[in-house]
Amino acid sequence: MGKNLFESVWEQHTVRELPSGQTQLFVGLHLIHEVTSPQAFQMLRERGLKVMHPDRTFATVDHIVPTDIRDRPFLDDLAEKMMVAIEWNTKEFELPFYGVGDPRQGVVHVIGPELGLTQPGMTIVCGDSHTATHGAFGAIAFGIGTSQVRDALATQCLSMSKTKVRRIEVRGSLKEGVYAKDVILAIIGQLGVKGGMGYAYEYGGDVIDAMSMEERMTVCNMSIEGGARCGYVNPDDTTFEYLEGRPHAPRGDDFAMATQWWSSLASGEDASYDDVVSLDGFAIAPTVTWGITPGQSCAVDECTPKLDTVPDSDRTGVAEALEYMGFAEEQPVVGTEIDVAFIGSCTNSRISDLREAAKVAKSRKVREGVKALVVPGSVQVREQAQKEGLHEVFQEAGFEWREAGCSMCLAMNPDKLRGDQICASTSNRNFKGRQGSPTGRTLLMSPAMVAAAAVTGSITDVRKLMN
Amino acid sequence: MATTSTDRIRSKVQGRAVPVRGADIDTDRIIPARYLRTVTFDNLGEHAFEDDRAGGGHPFDDERFQGASVLLANANFGCGSSREHAPQALMRWGLHAFVAESFAEIFFGNCIALGLPCFVVSAVDAARLQDAIEVDPNLMLTCDVGGQQVRFGQQVVEAKIPEGPREQFLKGTWDALGQLLEDKEAIAKTAQSLPYVGGTWRKIRT
Ligand code: SF4
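As you go down the protein sequences, you meet chains A and B in turn. Mapped onto our numbering, the consecutive letters of the first sequence carry residue numbers 1 to 467. Mapped onto our numbering, the consecutive letters of the second sequence carry residue numbers 1 to 206.
Some clues are possibly wrong.
[As the list claims (entries may be wrong)] For the chain A half of the interface with chain B, some residues (derived, Cβ under 8 Å), not all of them:
id : residue
1  : Val15
2  : Ile64
3  : Pro66
4  : Met83
5  : Gly116
6  : Gln119
7  : Trp261
[Unchecked claim] Taking lysine-lysine pairs in the PhoX-like style, the calculated list, with each CA pair at most 20 Å apart, reads:
id : chain 1 : residue 1 : chain 2 : residue 2
8  : A       : Lys162    : B       : Lys160
9  : A       : Lys387    : A       : Lys362
10 : A       : Lys164    : B       : Lys160
11 : B       : Lys160    : A       : Lys194
12 : B       : Lys12     : A       : Lys50
What the hints contain is simulated information worked out from the structure, not anything from laboratory work. Predicted model, so just to flag it, every value in this text is computed and none were measured. Glycine included, each C-beta is placed from N, C-alpha and C at the ideal position.
So here's chain B without its partners, still in its complex pose (with noise of 0.2 Å):
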């Protein structure tokens, strides 16, 4: 199985974005449970943040920001629990890259795992973000993962992605599932070595 892939490479998202205001914004709210009851993840993406927007005006409603691909967030985005199919929703809803000031772990491997990256800005940055985006909804930004800045208008703020996370997206093997398995003699010595496995104490002896 390849690797690599040149269409799996996401070194840039471009595109306008959509401010969600808020600190701890759970993926109970980014997608209800009642919608997990399903076997696939299509039609996830008309429901997404569906609680927060029956209490109207939110920026997932709003005319100015649809067709949106960053998403502007504040701290802790997509804590809770670790339903991919909170990622997968906002994906389907038209959602390339995130953009805040930090994300729940869980989320933010989620998202690695659908090739969605995952840009982490100062509070101050994500606030400045959030404000130009609503003065001027047609404003353009690039989400550069080599640079590791957010480039909007003649401004730039810095936006860091991890090494690890930043290289499988630069090389298109964001997708562990191929790495994992170039190796297959390794794991089976890693599950030789540990005494659980196979039930078999008695290697431990020596």
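Next comes chain A alone, as it looks inside the complex (with noise of 0.2 Å):
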């Protein structure tokens, strides 16, 4: 039997076995961002110790900016002081950072792959459980703690264990109005929130092999959300046609010896599982959220779940999202009456999910009474969008164009749910209170999905205005 890409990336990495019986793993890409570093720098201060590889470290801002107005110093002061604390630890330690106003700025899992940082056969890490979306080139990526950002500054390594890998097919093809967030919340909702944990998943079958790069970093984003810290996609043409030029990317020469290298490393057809699922993709249909975990979701059409039907082990989870959201049991979640549409986040803020959702919200209008917002996930998006018109589009719709930052998937910034608003949203995460308010509500959906809520003031099947 073959080895996986998993299995080679880590070989291939692996610096010694430490006496603990963990493995001392090379860091080959570390991208760091405001919220889980400035403790990491003051510890590495504390014991006197440097940034060993300045030269494969890379800073930005996104958790705290302000998508409004960003004039300094930003309104909120803990924000500012963040702000500073980031400027001043990469000044410090000699690391590249692009900050608001670079034209390089933008949600670290937007810009890694877009400045072709993120290539396939690298480990990568940063403080950031969504770090698995660069596994979309076939990278092995996975989100840390502040602890190991320490670790992975002054050593470029981390003490890691090995995890298992499963292996997920998703065959056939996707059905019109179904999207890479389907397919991923389909996986989710079939294994369970905690289905992954330790494995990491290789997302494979024709579904994927046929989706673009941003698709596939949407599948691979939300691999914490089922549990798995890491997920990726073999390395393909795909994958290479993406890179090719881009600013950090090999050129020319180097560019050929590289895919040669990054083809070597993907798993082979004999290559060996811990365990393999499949899905059919033609059965997969525009899904939403109704619950207060990513895995508590249904198809559009389909209602909340009856609780006798539940596996005894889920009925108090159920029972608590149900009453936290505010739907009886059976009820449909279609016609959901929503207070905002968010359209942003590191798993759909990308060129193409933009594209998507403005087919939908062009010559339409938001629903009086819903707010709605689009952040891009990068200053390079948003500047594409604008090119492509796609900012007067959403404007004339009646949604609020931002500039580039993580804005309402957590609201750390001004952006925020209130009271117990509901939010039709194409961020990642739909637990309690994630949208900044302790009794907001969120439900995850497409970007399609999410304008054709806003245009409609309800949860609303897109494929019903397509055409």
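Reassemble the complex: the two chains are provided individually, in unrelated frames, and hints are given to aid placement.
Following this line, the structure appears as structure tokens:
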């Protein structure tokens, strides 16, 4: 049996086995943002350590930055303090930093790929659980905590235990109106939010093969929501085409050599896995979450569950979710009135996401009383969208057109839900209080579905608005 | 830099416990994002579970559980965001060990890095422990890392910690930084062998 990509990359990055039995793993790319790094830099200072590989470390700001008025100092003192901290830390430790005003600034998981920093065969870490996004390129990418950010800064290594690998095959093709977001929500719905614990997910099959890089990023992004710390897709021509010509991608002869190495790492046909599951792509419908974990979802034309029919082990959780969300048992999700529509986050804020949402928003109006905002994932995405006139489509429809950042994905900046508002959101987490109000409610779905909800004022099957 | 230190050995955590029931308790609930607007980990303890506590009746506000040093949870505890602020907040609230049916991996890794053992018990034992502590909040628990068990009263439950972290707690090497710095040559060798480091793709020819 051959090796899968995870094993090959793990092997190539193994520095040594530690006395504890864990692996000292070399980190190929370390991405930094303002929330999980200041304490790590402080720990370095206290121990008199330097950054070992400033050439493999890149920083930006995304979580706390305002997406409307970006003048300094920020109106929020605490946010300003964090901004000053990352500016100071990256200067002191001599790290490349893409701050507010830099054309390369954006959500860390959007800019890594678009700058060509993210490449196949790398190990990539960031103090952020959605680092698995970079796995779309055939990298082993995972989120870490602040003490590990310190370790990666000081040693370019982490102490890690190897995980098992599960291949998830999505066969067939997708129907119209069904997107990458629906695929990952369907996977999590089937395998559960704990299903991936102890595993890396390898996504494959015809549906994944046919996806663009941006779609693959959406799928890998939410691996952590299924309990898998890391998720990836084997690199192929789609990957190489995306990378060619990007600022940090290899050039000329180097690019040809790089593709050779990248291809050699991909799981072969005879690769072995600890587990294999498969899903029928054709059976996936536009999907919406109705609960407080990303696994609590259904097809848009379905209803919330009936408690008697839920397995015993899930019943308390489902009852808690229905109560928090204000849903009855067996209530259709279609028609749920919304207060806010949010298009953004590292899951769905790339140019193809905005194009799909714009198609739905075009020549329509955001329903009165609904606050709708589009927050591009990066300055580059924003500029590309403006070149294509998408901002005008959104603005004419009544969406607010914002600057790049995480925004209402986790509401550390001024963009927040109020009270128990209901938000149709393209982000990745529908946890209690996630969008900034302790009683706020989030329904996750694709960008096209959020646009459909914005213009109709309630959860709507986007397929009815197409053609 | 020393890689072991006796005051870092975590062979046992003894004390009273606090039960926090429910599956899939995520780190946004443990410490809401608004408290991440900080450049230190100080003062997080008082905000642990703040939004859950606002609803009233939370065990963290229950007089009987004040001063607890062990948290008793259910499945997938600490899922979601990688924020180390979550175990930091719980540690600063006074907790030194966690016992649950299962832990989200990043949370588990963050706890190791802070020297906080996480014990995995069966669903039945998790519920048994939670029930016991509710009946008698003064019950003393002994969470034994080497013996992989939690003892309380006359009872013993099996409580697993994977071998790697177990060794780290027993030897006092859970702070990985020292070990990672030990062999800088090996790090340099791995870096050199990787074609993308230093932008020298030519090296894959050989
Ligand atoms: S967009 Fe949301 S999930 Fe992504 S990095 Fe920002 S806060 Fe985290």
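The hints, checked one at a time:
1. Val15: 5 Å, holds
2. Ile64: Holds - the Cβ of Ile64/A comes within 8 Å of chain B, reaching about 6 Å at its closest.
3. Pro66: Pro66/A check fails; min Cβ-Cβ to chain B is 13 Å, beyond 8 Å.
4. Met83: 10 Å, violated
5. Gly116: 11 Å, violated
6. Gln119: 6 Å, holds
7. Trp261: Holds: closest Cβ of chain B sits about 5 Å from Trp261/A, inside 8 Å.
8. Lys162/A - Lys160/B: With a Cα-Cα distance of about 18 Å, the restraint between Lys162/A and Lys160/B holds, given a limit of 20 Å.
9. Lys387/A - Lys362/A: Measuring from Cα to Cα gives roughly 16 Å; hence the hint holds.
10. Lys164/A - Lys160/B: Holds - the C-alpha atoms of Lys160/B and Lys164/A are around 19 Å apart, at most 20 Å.
11. Lys160/B - Lys194/A: 18 Å, holds
12. Lys12/B - Lys50/A: Not satisfied, since the Cα-Cα distance of roughly 34 Å exceeds 20 Å.
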